[in-house]
Structures are given as structure tokens and as C-alpha cells.
Amino acid sequence: MYAEIKKLEFDKILKILINYAHTDLGKRQVLEIFPLTNVEEVKRLLFEVEEAKIIIERYDETPLTGVLDITEVIRKAEIGSVLSIDELIRVVSHQEAISRTINFVKKVISLGLNFEYLKGYYERIVSVGPLKQEIDRCIDKKGEVYDNATSKLQDIRKKIRVTEDRINTKMQSLLKSEQNKLSDSLITIRNNRLVLPVKLEYKNSFKGIIHDQSASGETVFIEPISCFDMNNDLSRYFLEETAEIENILRMLTYKVGEYAHELASNLEIFTYLDIVFAKAKYALANDFTRPEITKNTINLINAKHPLIPRDVVVGNTINFHKFNHIIITGPNTGGKTVALKTLGLLSVMAQAGLLIPVNENSETICFSNIFADIGDEQSIEQSLSTFSSHISNIKFILDKSEDNSLVLLDEIGSGTDPKEGASLAISIIDFLRKKKLYSMTTTHYPELKTYAYDLENTVNASVEFDIETLRPTYRLKIGIPGTSNAIKIARRLGLNEEICKHAETVSLSFDTDTAKLIQKLEKQSLELDQELTTIKDKQTQLEIEKKNYELLQKEEKIKQNNLLRNFEEDQKKQHQIYLEKAQQLIKELDELKKSASFKEHELAKLKKDVKDTFFQKRKFQKESEKEIQVGDTVKVLAYQRNGVVNKELKNHQFEVVMGALTLTVKKDEIEFYSREAIDDFNQKNNSSTTLVKEVKVELDLHGKRYEEAMQELDKFVDNCLLNNLEFAYIVHGIGTGALKKGVEKYAKENSHIKSYRRGNEGEGGLGVTVIQFK
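Residues 173 to 946 in the working numbering are what the sequence shown spells out, letter by letter.
Just so you know, the hints here were simulated from the structure itself, not pulled from any lab data.
Check the hints yourself; a few may be wrong.
Each computed DSSO-like pair below joins lysine-lysine, with the alpha-carbon atoms no more than 30 Å apart [as the list claims (entries may be wrong)]: (1) Lys279 <-> Lys291; (2) Lys572 <-> Lys178; (3) Lys494 <-> Lys607; (4) Lys330 <-> Lys348; (5) Lys324 <-> Lys314; (6) Lys353 <-> Lys379.
Derived Cβ-Cβ restraints for the label pairs, each shown as a range [said to hold, decoys possible]: (7) Glu741 <-> Lys719: 28 to 34 Å; (8) Leu627 <-> Asn533: 27 to 33 Å; (9) Glu418 <-> Asn932: 23 to 29 Å.
Backbone N, C-alpha and C fix where the C-beta goes; we use that ideal spot for every residue, glycine too.
Start from the sequences, fold in the hints, and give me the full structure.
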């Protein structure tokens, strides 16, 4: 059947369908979709897609996001090839997608929506939660192995930290004692060894090993001899760390191998569901519906060719009611081939489990095979192939077709003498009629009109032609044979009327029976058209009523928009009130600071008033804000700290910069904070005494003198309090410890600071003090 479905351009449908698949594996398998011939299987496929379509319509989502192709990961684990950290994280991501899918299905079932066909696939999904838990226990989301992944790794890393502290202490001591020999007071790394930057003229007097030289040649990087053994220990510990991480990865790989069958089974189910939901999305995008698969009824209502643009395609009802064979007669206008291909392509699509462009309640059957002779693999616009090529194709079709087959023959018997061609066409159709199959044939031979009319299970059809525009309308008219319209076209183009009338007389004398038949059918067609006009009038009235209803809805929407606009104007007024109050309070605060006799409690009260004012404005903004955008200040709920949105990522996630940290968080893990209130004020106040500045959560005091550092710390704390920050980081380094002591003394004595602590390992350790405000 492959050659036949290619002639019907089913491969083009599959290339479109690829765009609706989520996974790479699903996209590859879409190209392998093939029509089935088992009735029950075809019904199942169509019902599955219809259920997926309902899910998307109701929930506006597909439960397949985040599914990754882990085929190669499974294969490597099965043969014992150690997986990388990235590959293990892919396994975790895959399991998380499975969990989301299971939760989604539970939600659907809890709402009472029991999907008969898709439910079975979800029930066969196997949870590999223990595997995910084991990987999560050892590796974090950033791909770092946890210290406590094993006790051995924990011991090694403890030794590393202790050794680094010893080296750092020794280096700090050398920084002081050998300061005149150093070009900079920084500890750096060369060749994975901690070194000091020594001036070139002191390289022989500074005991140690030279590892590198600066570009200018003025500085050499020397590892102090007193640190040599400790650096050796550190290097050895790093090698031990690498080896232990390799052991952990080997252990996790073994675990993945244990679950290889479950992972492969889940991946297979997900890939299949990806294809089902791709079919559903394709159907939704093009308004396709599910046809009923029946035993012997073909009634495709308003069937359209899916590859012709929707704004120009013409729908036709293709009905095989009480007959098995349709012969479409008429001139070579192109409309006949479109009808032929529409029937063939929609039949292939339905049997491949795709919904099709027909109206609801359409019916078709599951053909045992589909054969087509439509030229030399021509597209709809291409010309016909040769007579010999047609006969070769028809011979193959006559030999292979069986009961319940669908046979499509385009311009049967063409390419030879008209009389012999017509006789051959009639004989071929007679042969097909002896089999219990279905056929649609196109021809321009007039002899086949009377032939079809006289047969019990065969019917004439034609493609309507518009005499005014001299173009086919592509409307299929079953029961009415086609005419050449040559005389009508000639008259329309202005040929002498006497000639036209004479031509009509001559034409009728050629075939009186055919002429009478066509006249009778055209009269019946006229009566049907009159009935159709009545129906259309009723439809027009319904459209008018529909538009009136839509107009009422539009008016209601305008009212709602007006209410919303009034609300927003009220919010803006409130915004201005807060801003003016803040300006006045800060002006008073500025004047108070200039005064020589201000009192501490008065200053504290004004600070609190300013802080409360900005808090009220921020709260107002937070409540009225609809979307978080890049540049907004947000509160990260897990840390109860503020950060700035740096990027908007996929799947409702954001990249947030929080001090020295860059986090990836979900939308529901942050709250809108906004710096707009502060920015508005700063833009209107360029005075050097303006106290409200850009929010910062970190103050770097490196290289500052003690007095200068304390002044900057005081200003920084004021700014934090004005902006209602809850935490702040003071970076002072280790050095002599004077700045650290000064910061702790300040924090202890400041009544607005709730507590302070040393920075954690990921926050800077001993070189950072974290303060928490009341």
C-alpha cells in the first residue's frame, strides 16, 4: 500500500504532524505511521485521539512536558558503561515527567473524567521513585555530588577543607611578613597549587617553587616551601575525591541498570502517547473530527482536502449510499482529481488513527486495501501520465484488489483513441463491479454517463462549473453526470448566437437519450437547489440571532473593561499619595540630619515612617501587578530574600539573581516585589541627600580602612531598612579580623538588627557576616 498512499500525499500529512510531537523519539516515529486494516484497532486509535483532544480542550495542556529520550542512557547502563552526572540528571528529569503525568491523570480521574482508552496506558506506567530518590540523595540539581553521598567522600572533603584552611592561614601569615616582597596581597592558583605573587627581584630570596610568571615578567608566582607538603596533601585529597565520585557514579549506574526494563517500558508508553497527543493537537488546529467506522456505510459530510489551504478549500459530501461505484464525468478541469484524492487521503488518515476534516456524524469503513492510479505520482496540479503507464497500474490493481478494497482511477482509459478508451473504461469498471469493493473513477468520456445510469450499484457524479467565471467551483454533485459546457462557454464568450443554437441542435441529434437524461437530472437538481435555498435562509436567520447574542456579550465585556479602567485609575491616585508622603518624610529626615541637635528616637521614627510608606506602596503594587517581567525585584520564598529577575525561562520559570547567587525558580516560588516605587522617587529627586537608593543585599568592604568601612556600613544598613530588606551580606574578608570584629560590634549594638551570623560554606564562610533585620 506504500506506493498508493504516497500518490495520495499521506507523507505530506506526516511531515506536518511531526511539528505537533513533543519528544525527539515521537517525532521520529511519526514518520512510521501507517494505515491499519483491522476494524477494532482503527476504532481504538480514533477514540484514543478523541480522548486526547478532549483533555487538551478542557485543560489546555498535555501531560507529556519534560519527557526526555533516555534510550542511549538505558543502553549504556545495561552494558555497565559508567553514566555521567548529566546522564543521571536526565534520568531524574524523566522520572519527574512521569510523576507529573501520574499526578495529572489522578487529577483528571478525581474530577470524574474516566477516559476509557487512554487510562490503560497511564496505568501501565511504572514508578521508579526509589531510583530517583537514590540519585537525588547523591547529586543536586546543579550536578554537584553531595558531601554525604558516602561517608568516605564526606571524610575526604572534610580533609580538603581543613587543609585549605591550614594553607590559607599560612598564606595569610606570609602576606603580612613578606608584604614588601609581594606585588599584590592576593592568594592565587597556578597549576592547581596555591601561590603568592612575588616581585621579580625577590624570587631568589623567597623560599619556594616557581609555578608561573606574569605577562609583564615583573611578577613570579611562587608556592612557599612551608606550604609544599600541605599542597601535596591537598592534591592527593582531590585525586581521592575524584576516585570516590567515580565510585558513586558507578553505583548509580548499576541502579539505573536494575530499572532498565521499567525505564524502557515507560519511554515506549510516553512515545506512543506523544504521538496520540500530536494527532489530537493537529486535529484541534484544523478542526478535524472523528468519523464513525461502520461495516458498509461511507458518508463523509463536508469532506475537505487537508493539504489545500482552509480559506480556499471547498467541502463536499461523498456518499456511497446504496451504491459501491461513483463515476465522475466532465471536462478536464481539475476538480475531479481533487475529489478522488480527498476520498483516498481521508480514508488513509482515518485508518492511520488521524481525525479528518469532515463534519460530525460522518461515517466510513475500514478498507482492506487502497489502490490508486493517479498518473505518474502526480500532485493535484500536475498533468496525466501516459496510456501505457495507466494500463500497467490498472493491471496491478485488478490483480491485487479484493473484497472491501477501495480503488481510485483517475481519467480511466485516457491517452488513446476516445472510442476505444471509453470501451476499455467500461470493461474495467464491469470487472471491478464483480468484486465486493468500492471505487471512484474520473473520466471525460460521455459514453460512461449512460452506462453508469443504467447500473444498479453505480452512480454518476460531476464537478460543478461556473459559466459566469468559466472556472470549476470544485463542488461535487453526486447523481448528476458532467457536461462539457462547450456551447455555453462559447455563448458566454460572445460567439454568434445562430451558431450556438445550431450547435445545440446538432449535439442533441448525436445522443438524444443522453440529452434527455441530463435534462431530467438537471430538473431534479434545480428542485433540490430550491430546497437548499430554504435551508440556507433558515441558517441565515440563525446567524443573525447568533450575531445579536455576540453583540450582547461584547457590550457586557465593554462594561467590565470600564470597571477595570476605573479601578486602575483609583490605584494610580493611591500610588501618587504614597509617593508624595514618602517625599515629604524624606525631606524632613534630610533636614533633621543636617540639624546639629537631632535626637536618635526622632531619627528612628522618621526612618520607620519612610519605611512603612514604601512598604504600603510596594504592597499596593504587588496586589495590582499581573505579570513578573525581567528587571522586576521579587521575593524568593524559600530564602525569604529579595532578588532581581534576570531571565524568563520556559515552563513558567525565571532566573533570579540574589546577591552572589543565581537561582532558577518556578513562578509560584517567588512573589512580586517591584523596585518601581524606589525608582519613581529617585528619578524625581536628584539631590545628593536622597536616602532611597537601588536595593542591594551585599556590601563589599574589602580594602576599606576601618573608619571608612563603618561609615559605609551605617549608610548601607539605613538603605536596607528603608527598603524593608530582611537579610543582608557584609563581605569583609578574613585578613587581620579587624573589619569582622567591627561589623559584629555594629550589628550587636544596632537596635534594628535582629541577629547576625558567620556566612555558610556557599555564602563566603568566615569572610562574610550575614545580618537579619527586625
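Here's how the hints hold up against the structure:
no.	hint	in the structure
1	Lys279 <-> Lys291	holds, 13 Å
2	Lys572 <-> Lys178	holds, 18 Å
3	Lys494 <-> Lys607	holds, 16 Å
4	Lys330 <-> Lys348	holds, 27 Å
5	Lys324 <-> Lys314	holds, 22 Å
6	Lys353 <-> Lys379	holds, 12 Å
7	Glu741 <-> Lys719: 28 to 34 Å	holds, 33 Å
8	Leu627 <-> Asn533: 27 to 33 Å	holds, 29 Å
9	Glu418 <-> Asn932: 23 to 29 Å	holds, 28 Å
In this structure, none of the earlier numbered hints is contradicted; all agree with it.
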